[in-house]
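S.K.: Protein sequences appear in the order of chains A and B. Heads up: the first sequence begins at 1 in this note's numbering, then just goes up one per residue. Heads up: the second sequence begins at 231 in this note's numbering, then just goes up one per residue.
Careful: at least some of the hints might be erroneous.
As the list claims (entries may be wrong) - Here's a subset of chain B near chain A, in silico, CB distances under 7 angstroms, partners left out:
id : residue
1  : K301
2  : A345
3  : W417
4  : Q436
5  : G493
As the list claims (entries may be wrong) - Not everything, but these chain B residues come out facing chain A in the computed CB check (under 8 angstroms):
id : residue
6  : R299
7  : G364
8  : R399
9  : V409
10 : G522
11 : A525
12 : Y529
13 : I532
14 : G534
15 : A538
Claimed, not checked - Take a look, some chain B residues computed to stay more than 10 angstroms from chain A by CB distance:
id : residue
16 : Y473
17 : R568
18 : A572
Since the hints were made in silico from the structure, they are not lab data. Note that beta-carbon positions come from the ideal geometry of N, C-alpha and C, so glycine has one too.
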Amino acid sequence: MNSGPILFLCAFLTMAASFWGLILKPYAQLATEDLRQVGVSKRLYPNNTLGLAKAGADVYRAHGCVECHTQQVRPEGQGGDIARGWGIRRTVAQDYLLEQPVQLGSLRVGPDLANVGARLPDAQWHYQHMYAPRSKVPESTMPAYKFLFRKQPITGAGSPDALQFEDDFAPEEGFEIVPTEAARALVAYLTSRRADLALFEAPVPASPDAEGDTNAAPAQAESITTPAAE
Amino acid sequence: MTDPTQNPPAAASAVSTAAIDASCRWPLMVFFGKGVGWLMIGSLLLLISSIKMHGPGFLGDTAWLGLGRVKPAAMTALAYGFGVQFAFGMLLWMLCRLGRVPLLNAPFLFLAGGAWNIGVFFGWLGILGGASTGHAYMEMPRAAWPFVFVALGLVALWGLLTFHNRSERRLYVSQWYLVAGLFWFVWAVSVAAYLLVFQPVRGVMQAVVAAWFAHDLLHLWLGAVGLAALHYFIPKLLGRPLYSRQLALFGFWTYAFFAPWGGLARLSGGPLPAWMISSGIASNAMMILPLGCIAFNLYKTIEGDLKAARENIIFRFLFCGGVALCAGWLLQILLSFRTVSATTAFTFAPMAVDHLFLLGAFGLVGFGAAYYIMPRVSGIDWPSAKLADLHFLCSVGGLILHVIGLLLAGWVQGARINNPELDFMTAIKSSIPMVGLSTLALLIFLAGQAAFFLNTQKLVCRWWSPVMRECCASVGLCRSGKVEVES
C-alpha cells in the first residue's frame, strides 16, 4: 500500500463504519425514547428532577462522586446487584433520560447509588454520613466531606438544621455543624435517586420476598400502560 | 541497501537526516519537554488518588484535592498532557524522517505546542476546581477545548502537509498507522467534544459517546502511534528489515477494521440495548487477529538479536512496550467476555487494563522514542545514563506491580461484591491490601518518572542556555555568550 489516497480512504471508511454503527445507530434507537406516562396515575417518567435535587446533580458531578460510585443496576444473572438490594430491577435507558450529565460510573469502591433514595431516604443520615462517614459505616473508606458543612457557635436554641451526633463525632461544646447549600443540594439529589418503577422493558418481579424490601414501595410497582414503540 | 518499503529509510537522501531533525527542533522540544512535565504531574496525582483509596483522610480537607477531582485530573494530565503530546512529537518526527522531508514553518507548530499546553492546563485546573464534565477521558471543561482544537488543527494540518510533501513516495508501515491514527483521532475527539461538552446528547447516549471516545483515544490514536513507533524503531535499531510487509499489511487492515468497534464493551452490564455491548465484545475478540500478526511479525524481526539488543535502553523500552501491548489486549479480550465481566465490571480490573495501555503499551514505547528523538533534535546527548536506567527499571517494575495489584484487587472486589451474603464493607476491605500494593507500585513508577524528568530538564537546560545566550546577544542584552559563561 503505497498510495496516500487509498490510505485515507481506508482510514475514512473504517472510522465512518464505526461512527455509523456506534454513534448514529445507537442515537437513532435511543433518541426515540421520551418521557412516558406510567402507571395508573399516568404520571410522566422519569420525573423532571427540579430545584434542589437538580443543583445536587451538579455538586455530584463537580466532586467526582462518579469516580467511586456507579448508578446502574445490572440485570439478574449478571453480578449480584439485585440480590444485594441495590435495586428491584435492572436500570434501563429510560431511567437516565433527564440526567445531565449521565453518571453511570465504572468503579464500585462505594455502593451503587441508582436506588439510594429508596434504600436510605433519611436526609439526616446522609448529612451525618457525608460529614463523618465512619459515624455511620464504621470502616468506611469514603472521604469525609467536611468542607460541605459549616461549624458555627450555637446561638439561642441552635440551628434547626444542625447535625445530631452521638459521642465521638460531635463538635466541641458550644458549636454546631450545619450543612451548606451544596450539602443540602447533594443530599436532596441522593434521596431523589430511585429507579424502581415497573417499565415495559424492565418489569419489577413480583417475588414474595420483595415485600419487605425498602425499594418496593407498593404504590410504585405499577405496570406500564403505554408500552414502548418497539 | 534493502528495499525501502521493507525498512525505514536510512540517511542517504537529498535532505540529510540532520537537517530534518534540526527542522523539527522547536516544536518537538516543546511537545516532549512539556509532555514529561505532565507525566510527572499525572503520576504524582495518580499516586495521591491511589493513597486516598485506602487512606480516605489523606489530604482530605479541601474540595480541590478530593479523590473525585484528583483522579480525573491525573488521567487528564497523563492522557492529554503526556500521551497526546508525546504522540504529536512522535508523529511529526516519524512523518518527516519517513517522508525524507523537513518540517516546514515549524514556528507555527511551536504555537500549537503552546496552545495545547494552555488548553490542557485550563482543563486540568477546571477539573480540580470542580468544572469537570463528568465523562471519563473527556473531563476537561468547555474553556479548554478552543485551545485544544487550535493546537490539534495545526498539528493535523502540518502532519498532512508533511505527509503530502514527502520526497520518498513509497509508504512504510509506520506511515499507515500514523496517518490513519491522526485522522481517527481528529474525528473521534471532534465528535466527542461536540456531543459531550458543547451540545450534550440526551440520556445514556452520553455514556455511549464517552465509551466510544475513550476506546478511540487509547487504541486508535495512542495505540496507533505506539504501533507506528514499534514498526519504525525496532527494525531501525536492529539494522535489519521488517520480517514481512505482507503480514504488516494484513495486521494493519484488520486493526483498522476491528479496533474502531470495541468501545461499547466498556459499558458491560450497563443500561443499554444488548447489541451495543455485544458489538464491542465481538470486535474485541477479533483483535486477536491483528495483534497476533503484528506480534509475530515484530518477533520474527527481532528473533536472534534479542540478547545483543537488550544492551540498548531504547530497545528495552520498546520491547517492554510491545509486551505491554500484547498483555493489555489479551486482558482486554478476557475481561470483555460476559462470564468474566460479570465479576470484573465496576472493579479495579478494567482500570488496570486502561493504565496498562496508557502507561505501558503507549507510555513505554513513547519513552523509548523520546530517548531516541530528543538528543537528535536538540543536538545534546542525554546527560545521565544512570538516570535513564533508573527510569527504565522503575517504569517497568512499577507498572507490572501496579497492574498486578489492581487486577487482583479487582478480582477479589468483584467476586465478593457479587456475593450478597457478604457485607459491602467486608468486600471492599478485602481488596485493600492489593490496592496498597498498587500504591507502592505507583510510588516506584513516580520515582522512575522523576529520574526521567530530571534527565530531561538537564538536557533541555543544556540545549536552552546557549540558545538563550544567542538570543540575548542578538538583542544586545549581553555583549556575548562568553561573558555569561565566565560570570
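S.K.: Now look at each hint and say whether the structure bears it out.
M.R.: Here is what the structure says about each hint:
Evaluation of the K301/B hint against chain A yields a held restraint, the C-beta minimum of about 5 angstroms falling below 7 angstroms. A hinted interface residue such as A345/B counts as satisfied when its beta carbon comes closer than 7 angstroms to some beta carbon of chain A; here the least separation is about 25 angstroms, so the hint is violated. Annotation: W417/B was flagged as interfacial toward chain A, and the flag holds, the nearest CB pair being 5 angstroms apart, inside 7 angstroms. A distance limit of 7 angstroms between C-beta atoms decides the matter here; for Q436/B the minimum to chain A is near 4 angstroms, and the interface restraint holds.
Because the beta carbon of G493/B sits about 6 angstroms from the nearest beta carbon in chain A, less than 7 angstroms, this interface hint is met. Interface restraint check: R299/B against chain A, minimum CB-CB distance 5 angstroms, threshold 8 angstroms, status holds. For G364/B, the interface hint holds, the least distance from its beta-carbon to any beta-carbon of chain A being 4 angstroms, beneath 8 angstroms. The interface hint given for R399/B is met, as the beta carbon of that residue sits about 7 angstroms from the closest beta carbon of chain A, less than 8 angstroms.
Contact between V409/B and chain A, as hinted, is supported at the beta carbon level, the nearest pair being about 6 angstroms apart and thus within 8 angstroms. For G522/B, the suggested interface contact is broken, since its CB lies about 19 angstroms from the closest CB of chain A, more than 8 angstroms. Given the 8 angstroms rule on beta carbons, the hint for A525/B is violated: about 20 angstroms separates it from the nearest Cβ of chain A. The beta carbon of Y529/B comes no nearer than 22 angstroms to any beta carbon in chain A, farther than 8 angstroms, and the hint placing it at the interface is violated.
For I532/B, the suggested interface contact is broken, since its CB lies about 24 angstroms from the closest CB of chain A, more than 8 angstroms. The beta carbon of G534/B is not positioned within 8 angstroms of any beta carbon in chain A (closest approach about 28 angstroms), and the interface hint is therefore violated. Interface hint status for A538/B: violated, as the beta-carbon distance to the closest one in chain A is roughly 32 angstroms, over 8 angstroms. Even its closest Cβ contact with chain A, about 17 angstroms, leaves Y473/B beyond 10 angstroms, as expected for a residue assigned away from the interface.
Annotated as non-interface, R568/B brings its C-beta within 10 angstroms of a C-beta of chain A; the closest such distance is 7 angstroms. Annotated as non-interface, A572/B brings its C-beta within 10 angstroms of a C-beta of chain A; the closest such distance is 5 angstroms.
Consistency note: the structure conflicts with the earlier hints numbered 2, 10, 11, 12, 13, 14, 15, 17 and 18.
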